[in-house]
Amino acid sequence: MKSYTKELWFNISSRMDFINISHDVERCVQEAGIQEGLCLVNAMHITASVFINDDESGLHRDYKRWLEKLAPHAPLSQYDHNLTGEDNGDAHHKRQIMGREVVVAITKGRLHFGAWEQIFYGEFDGRRKKRVLVKIIGE
Amino acid sequence: MKSYTKELWFNISSRMDFINISHDVERCVQEAGIQEGLCLVNAMHITASVFINDDESGLHRDYKRWLEKLAPHAPLSQYDHNLTGEDNGDAHHKRQIMGREVVVAITKGRLHFGAWEQIFYGEFDGRRKKRVLVKIIGE
Amino acid sequence: MKSYTKELWFNISSRMDFINISHDVERCVQEAGIQEGLCLVNAMHITASVFINDDESGLHRDYKRWLEKLAPHAPLSQYDHNLTGEDNGDAHHKRQIMGREVVVAITKGRLHFGAWEQIFYGEFDGRRKKRVLVKIIGE
Numbered sequence: 010m011k012s013y014t015k016e017l018w019f020n021i022s023s024r025m026d027f028i029n030i031s032h033d034v035e036r037c038v039q040e041a042g043i044q045e046g047l048c049l050v051n052a053m054h055i056t057a058s059v060f061i062n063d064d065e066s067g068l069h070r071d072y073k074r075w076l077e078k079l080a081p082h083a084p085l086s087q088y089d090h091n092l093t094g095e096d097n098g099d100a101h102h103k104r105q106i107m108g109r110e111v112v113v114a115i116t117k118g119r120l121h122f123g124a125w126e127q128i129f130y131g132e133f134d135g136r137r138k139k140r141v142l143v144k145i146i147g148e
Numbered sequence: 010m011k012s013y014t015k016e017l018w019f020n021i022s023s024r025m026d027f028i029n030i031s032h033d034v035e036r037c038v039q040e041a042g043i044q045e046g047l048c049l050v051n052a053m054h055i056t057a058s059v060f061i062n063d064d065e066s067g068l069h070r071d072y073k074r075w076l077e078k079l080a081p082h083a084p085l086s087q088y089d090h091n092l093t094g095e096d097n098g099d100a101h102h103k104r105q106i107m108g109r110e111v112v113v114a115i116t117k118g119r120l121h122f123g124a125w126e127q128i129f130y131g132e133f134d135g136r137r138k139k140r141v142l143v144k145i146i147g148e
Numbered sequence: 010m011k012s013y014t015k016e017l018w019f020n021i022s023s024r025m026d027f028i029n030i031s032h033d034v035e036r037c038v039q040e041a042g043i044q045e046g047l048c049l050v051n052a053m054h055i056t057a058s059v060f061i062n063d064d065e066s067g068l069h070r071d072y073k074r075w076l077e078k079l080a081p082h083a084p085l086s087q088y089d090h091n092l093t094g095e096d097n098g099d100a101h102h103k104r105q106i107m108g109r110e111v112v113v114a115i116t117k118g119r120l121h122f123g124a125w126e127q128i129f130y131g132e133f134d135g136r137r138k139k140r141v142l143v144k145i146i147g148e
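Chains as they are written, first to last, in our numbering: chain E, 10 to 148; chain R, 10 to 148; chain V, 10 to 148.
Calculated directly from the structure, the hints in this document are not laboratory data.
Because the structure is a prediction, the values reported are computed rather than measured.
A couple of the hints might just be wrong.
Repeated chains share a single entry, so a pair holds when one copy, or any two copies, can fit it.
With a straight-line Cα cutoff of 30 Å, these simulated BS3-like cross-link-like pairs (lysine-lysine) come out [claimed, not checked]:
| id | residue 1 | residue 2 |
| --- | --- | --- |
| 1 | K78 | K15 |
| 2 | K73 | K139 |
| 3 | K117 | K73 |
| 4 | K138 | K117 |
| 5 | K11 | K117 |
In isolation and in its complexed conformation, chain E is listed as follows (with noise of 0.2 Å):
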């Protein structure tokens, strides 16, 4: 069995956005040199996630007006968790919606897609660095 690990840095300048980062993992399977196996990708922060889906951009625009409704970052005090000092209790409710994490396949040392499957960082407490986690095994 062989294993990889590689942490990618992201900065992203807004509270909230999407970014593709397909060829990121895409370019970790060609480096771990693995034709059968499985991929884990997971943000390391607990207010950000990796999701796959659809890589347009009204898509994006609805998935954030929805993740407000569903968990609004104002008003402040709505979150018990913004009494830490913290402004960032919504960002833990809509990483929740989202997901932590994907598993993909690796099939002929390859990432083993649909025609349309698209990994995305999603940040919801940006305008610092922030990780994610790409690990690897098989053979």
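Since the structure of chain E is already known, use the hints to place chains R and V on it.
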């Protein structure tokens, strides 16, 4: 390390429905001949889910009503994604609630499940052929 | 390839609560003696979750309030599932928001975590003994 890969095809006759695919996945585990490992089951489409819950028709009606409330199909104009000509903006949202994938342990050659765990394919934009991926690694 | 399997038992005294099981999982990783691999932690019940987030009591109060708003326990009659004689229709919904499982990388013999990542067992229909599965594969 051994690995196993299979794509399962489904064609759901309604827009939204859930079907129990536990037996299909168990058959894959048998074919794989793997005694100890991990089994990934994921939707290969971004308007569908794979999830684990109860095979109880009342619960499935509840889920459909709830998802329709959290992310209604109509009016279509509420989703910017539908400006692309699609009518499945809601399906991309419902899928995020129900999830893309499950990872199940394989122990002694079988899916290691609690008493009521069943695997479902969740369709949110059906009436066409779509795929689920089963990837197993282990020994 | 090595593998490790353990079922952890919990008995939560209230209907809904979250408990930090990070130390239990770390102990499993030690026992497994695996240096590089993947660790699956999943609820074996369909009215419970395993998720990763912050160990902060205000946030946990926020989550409970939010989940109760998204999928209220009462009135029981709002869930067809409760027509079976159950009173846990809400719990099956709350579990979908918080998720069934997490997959965590193991690097150099330890859970590969960001600074604030902690693993929780999330109970939505407690007051009885329930199980969490830990499955580790690697080398």
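Next item on the list: Please write out, lowest number first, the hints stated earlier that are contradicted by the structure.
Entry: Per hint list: 1 and 3 violated.
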